[in-house]
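Chains as they are written, first to last, in our numbering: chain A, 289 to 479; chain B, 2 to 318; chain C, 50 to 399.
These are computed hints drawn from the structure, not numbers from a lab. Cβ atoms here follow ideal geometry from the backbone N, Cα and C, with glycine treated the same way. Possibly wrong hints are sitting among the right ones.
[What the hints assert, rightly or not] Derived lysine to any residue pairs resembling SDA-like cross-links, with alpha carbons at most 25 Å apart:
1) K238(B) - K232(C)
2) K164(B) - N122(B)
3) K232(C) - Q378(A)
4) K164(B) - Y183(C)
5) K235(B) - K232(C)
[Said to hold, decoys possible] Quick list of the computed label-pair ranges, beta carbon to beta carbon:
6) E270(C) - S9(B): 31 to 41 Å
7) G241(B) - N133(C): 50 to 60 Å
8) G48(B) - G151(C): 53 to 63 Å
9) E16(B) - G200(C): 49 to 59 Å
[Unchecked claim] Every beta carbon over 12 Å from chain A, so not counted as near; a handful from chain B, in silico:
10) N45
11) K135
12) K164
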Amino acid sequence: MAVEFYRPMRLNNLNSSLQQEIREACDTDVEMCLECGKCTGGCSNAHIFDYTPRKIVQLVKMGAEETLMNMDALWTCVACHLCVDRCPSQINIPRIMDYMREKAYHQGVKARRPNVELFHELMLDSIKQTGKVAETQLIIKFNLGSKQYLKDADLGRRMFFKGKLSPFSPNVKDINQVRLMFIRTPVHKEG
Amino acid sequence: MTEQRVVSPEELFPEVPASIFLFRSCTGSMEYPGTENAIKEVMNKLGVNIVMDPDQTCCSGYLLTCSAHKPEVSLAVTARNLAIVEKQNLDTYVFCNGCYGYNRELSHIMKHNPAYMQMANDVIAKQGYKYEGKTEIHHVQELWYRLKDEIASKVVNPLQGLKVGVHYGCHYLAQQYHILDDGGYPTFHEEIIEAIGGTPVFYKERQLCCGYSVGRGITHKEVMVQPHLYKKFKSAKEAGVELITTCCPGCNVGLDREQPNLTKRYEEEFNIPVIDISQLIGIALGVPLKKLGFEANTVPLNGIINRLGLERGESSL
Amino acid sequence: MKDKGETTLVVGGGLAGMEAALKIGQAGYKVILVEKQAVLGGVLGQLYSSFPRWEDPQALLNNKLQQIQQCPQIMVLTGMSITNAQRDDKVYIVDLQGINQGDIRQIRVDAVVLATGFELFDASVYGEYGYGIYPNVVNSLEFEAKLKEWGSGHSEQIPPKSVAFFKCVGSRDRSKGKPYCSKICCMYTAKQAGIVKDMFPEAKAYVFYMDYRASGKDYEEFTRSVIETKHVRYVRGRPSKVLPENGKLIVRAEDTLMGVPIEVEVDMIVLAAAIIPSRGTRELAQMFRAVTDEYGFLEHETFNPVKAGDRVFFAGACGFAIETQGAQYQGAAAAAEVIALFNRDPQGGD
């Protein structure tokens with residue numbers, strides 16, 4: 289209904305336990321936030337975030353979980369840690385981002401940036417197969433999977449012939465151990 | 002945090018270690034093997050013995066930043082890697098900021114949460130490993146700073162005032178305790194560069210993150226990384242920087258490999274080579290160029306080599 | 050006037066100390082006023098202007114100095130400091146020493162008022178602000194000195210074209226600084242910014258704030274006039290980086306009200322650093338067995354906001370950050386306590 293659409297955000301309908309969840313999972317209490325904005329002031333990517341670090345902390349306070357899981361900033365944060373470094377209350381924003389990313393992924397929320405999930409799958413595959421990140425194969429598969437066939441092909445060709453990209457990459461000594469780790473680790477509740 | 006954040010190099014290393022375990026970096030050892038070699042050569046000259054183990058895996062930092070899997074896997078991976086080091090009864094020395102950050106944080110979680118330590122040990126016990134939380138994590142740059150005077154005394158190729166800009170990266174300075182600087186205005190790399198005869202340049206965007214961040218640099222680098230790097234290189238060029246040093250192979254990849262793309266996109270030449278600080282120390286201490294592996298660099302080092310009047314050796318650069 | 054026997058030691062010749070000395074002296078008791086600098090005045094002597102009335106602090110200072118001169122009960126000892134104190138029944142035996150090590154004295158006093166004042170937290174802890182690295186990044190007391198210079202009309206210094214004021218540098222910071230609020234910085238920053246606009250109408254002034262705290266008579270009106278009439282630009286956001294560019298300084302912060310990162314280029318940056326007790330306050334308090342808190346400020350007893358120990362009182366910023374008027378109130382209150390003490394039981398029990 290049109291009337292519903294224009295209603296302001298009602299605080300008591302939002303997830304009031306999010307703050308507590310973050311306190312336990314990320315060992316950081318957002319109540320300590322002074323709303324000073326020093327985090328955003330130094331953030332490497334604040335100019336392209338849809339929600340700046342300070343706003344993200346405010347979203348946690350308000351319990352707006354859906355907004356947090358669907359925002360673009362989740363996938364453009366580079367984890368440079370300047371925010372928590374400068375914060376006078378030491379609010380661990382990178383940890384909160386890690387936690388929300390994990391939560392979003394497991395709930396099947398699609399990442400807003402193209403190709404992020406593809407990249408993750410390929411990376412994990414690479415590790416499962418070889419124990420390491422084999423970058424050549426990773427990039428080739430990524431380009432194929434994201435249909436950017438010739439992206440950086442020129443650079444890749446030059447690198448290949450200069451011996452900088454090897455098509456083969458040595459396996460870790462005991463790859464089975466690594467594979468078993470993926471199977472064996474139990475699911476715990478935190479991040 | 003009750004522990005001291007910033008400590009002096011003497012507090013970090015009351016005694017200079019005789020032997021260290023050098024932790025390989027996935028990006029480092031594959032993209033810039035010269036860095037690993039440089040460290041071995043320089044440590045050799047300084048009388049520190051290096052131990053490595055091919056059984057070691059990637060630190061799993063990539064996985065954590067992507068946050069696309071259970072972090073328990075990273076805990077187990079870290080426990081296994083550090084258990085390998087503990088078998089040698091040594092401390093862990095990494096040369097990648099990413100490895101540093103992730104190993105420190107994950108080992109911290111395990112050391113302070115017995116349940117997680119137990120869980121990780123349960124997984125790796127089946128393969129015969131046990132992590133006890135004894136090995137300390139250090140970054141090679143800390144040892145360089147501690148041995149700054151020794152390094153200065155062994156210089157054979159002083160850098161002749163070469164204008165060097167430092168890129169510290171993010172994950173070392175972001176740790177919460179026991180590091181050399183809190184990141185407000187770090188100067189310890191610049192001090193090392195001065196000690197080996199270079200001229201450190203404090204360019205405006207010195208402390209800007211490279212943006213590569215294990216993954217972002219591949220999935221959406223046009224939006225993320227290139228504008229960052231453009232800002233950084235522009236301010237470095239304006240300040241007259243001739244060479245940039247890093248202490249993280251991830252950053253090195255970003256800063257070095259993206260330069261041709263930047264030139265294409267922004268129609269501006271930079272031609273500022275980017276090498277690891279260990280390689281620069283290697284040059285100053287007279288390590289033969291062919292052992293420093295500059296063939297792996299996208300932006301060639303020819304200009305610098307000529308400027309310093311060094312022998313080319315058998316490899317072409 | 051009947052000469053009353055008791056002597057009071059007042060440590061610190063700033064406004065609070067002078068006020069206490071005057072009220073005790075004018076009531077007829079002997080006072081020894083000890084000041085470690087060469088002149089009386091403390092921080093009051095360093096100020097160019099005051100809030101909320103824009104009055105000249107030197108007029109206030111001169112008034113007090115004149116009154117002290119005219120009060121024969123007060124003996125002023127400048128350039129001296131306390132080295133030791135011992136209790137002997139109801140009296141303190143105090144050793145004094147001249148700063149040049151020359152003059153050594155011992156005095157017997159019946160009560161003590163500590164008024165050692167404050168200094169500013171060392172802002173070089175914040176490497177990101179470049180204090181101690183870039184020459185045009187100064188703290189608020191250093192800036193007040195610049196205002197005095199420009200105001201004198203004889204200055205050789207080039208006036209700035211734009212100044213940024215950072216509030217809460219070291220205050221309200223649980224990670225690197227002090228967790229408390231230093232109370233007076235919001236007001237004095239508004240004052241300093243307002244003066245810059247008065248002196249140099251073409252200059253730009255920015256104040257980076259988290260809050261502005263103006264709780265006092267005429268304080269809110271004062272701050273609003275600085276913003277609305279003098280056109281100082283207030284930006285809500287704690288700055289995160291200061292970067293040098295072509296001889297100027299770039300400030301990076303977030304405008305939290307808009308929610309966007311912003312940058313501004315300025316010539317000079319003034320840091321309103323946190324207020325901490327003058328060095329030596331804790332040691333001094335220990336000599337008189339007075340209680341200090343975890344930050345070194347003097348702690349008052351229950352029911353008595355100016356009493357820190359047995360026959361020991363305090364006034365002014367050594368107890369916590371306070372503005373000029375407050376230092377005066379407290380000085381007078383400490384004096385009243387001393388006088389009441391002497392009259393309750395002269396030379397007797399406390």
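Outcome of the hint check:
no.: 1; hint: K238(B) - K232(C); verdict: violated, 45 Å
no.: 2; hint: K164(B) - N122(B); verdict: violated, 48 Å
no.: 3; hint: K232(C) - Q378(A); verdict: holds, 23 Å
no.: 4; hint: K164(B) - Y183(C); verdict: holds, 21 Å
no.: 5; hint: K235(B) - K232(C); verdict: violated, 43 Å
no.: 6; hint: E270(C) - S9(B): 31 to 41 Å; verdict: violated, 51 Å
no.: 7; hint: G241(B) - N133(C): 50 to 60 Å; verdict: holds, 58 Å
no.: 8; hint: G48(B) - G151(C): 53 to 63 Å; verdict: holds, 56 Å
no.: 9; hint: E16(B) - G200(C): 49 to 59 Å; verdict: holds, 58 Å
no.: 10; hint: N45; verdict: holds, 24 Å
no.: 11; hint: K135; verdict: holds, 22 Å
no.: 12; hint: K164; verdict: holds, 25 Å
Hints 1, 2, 5, 6, counting from the list given before, are not met by this structure.
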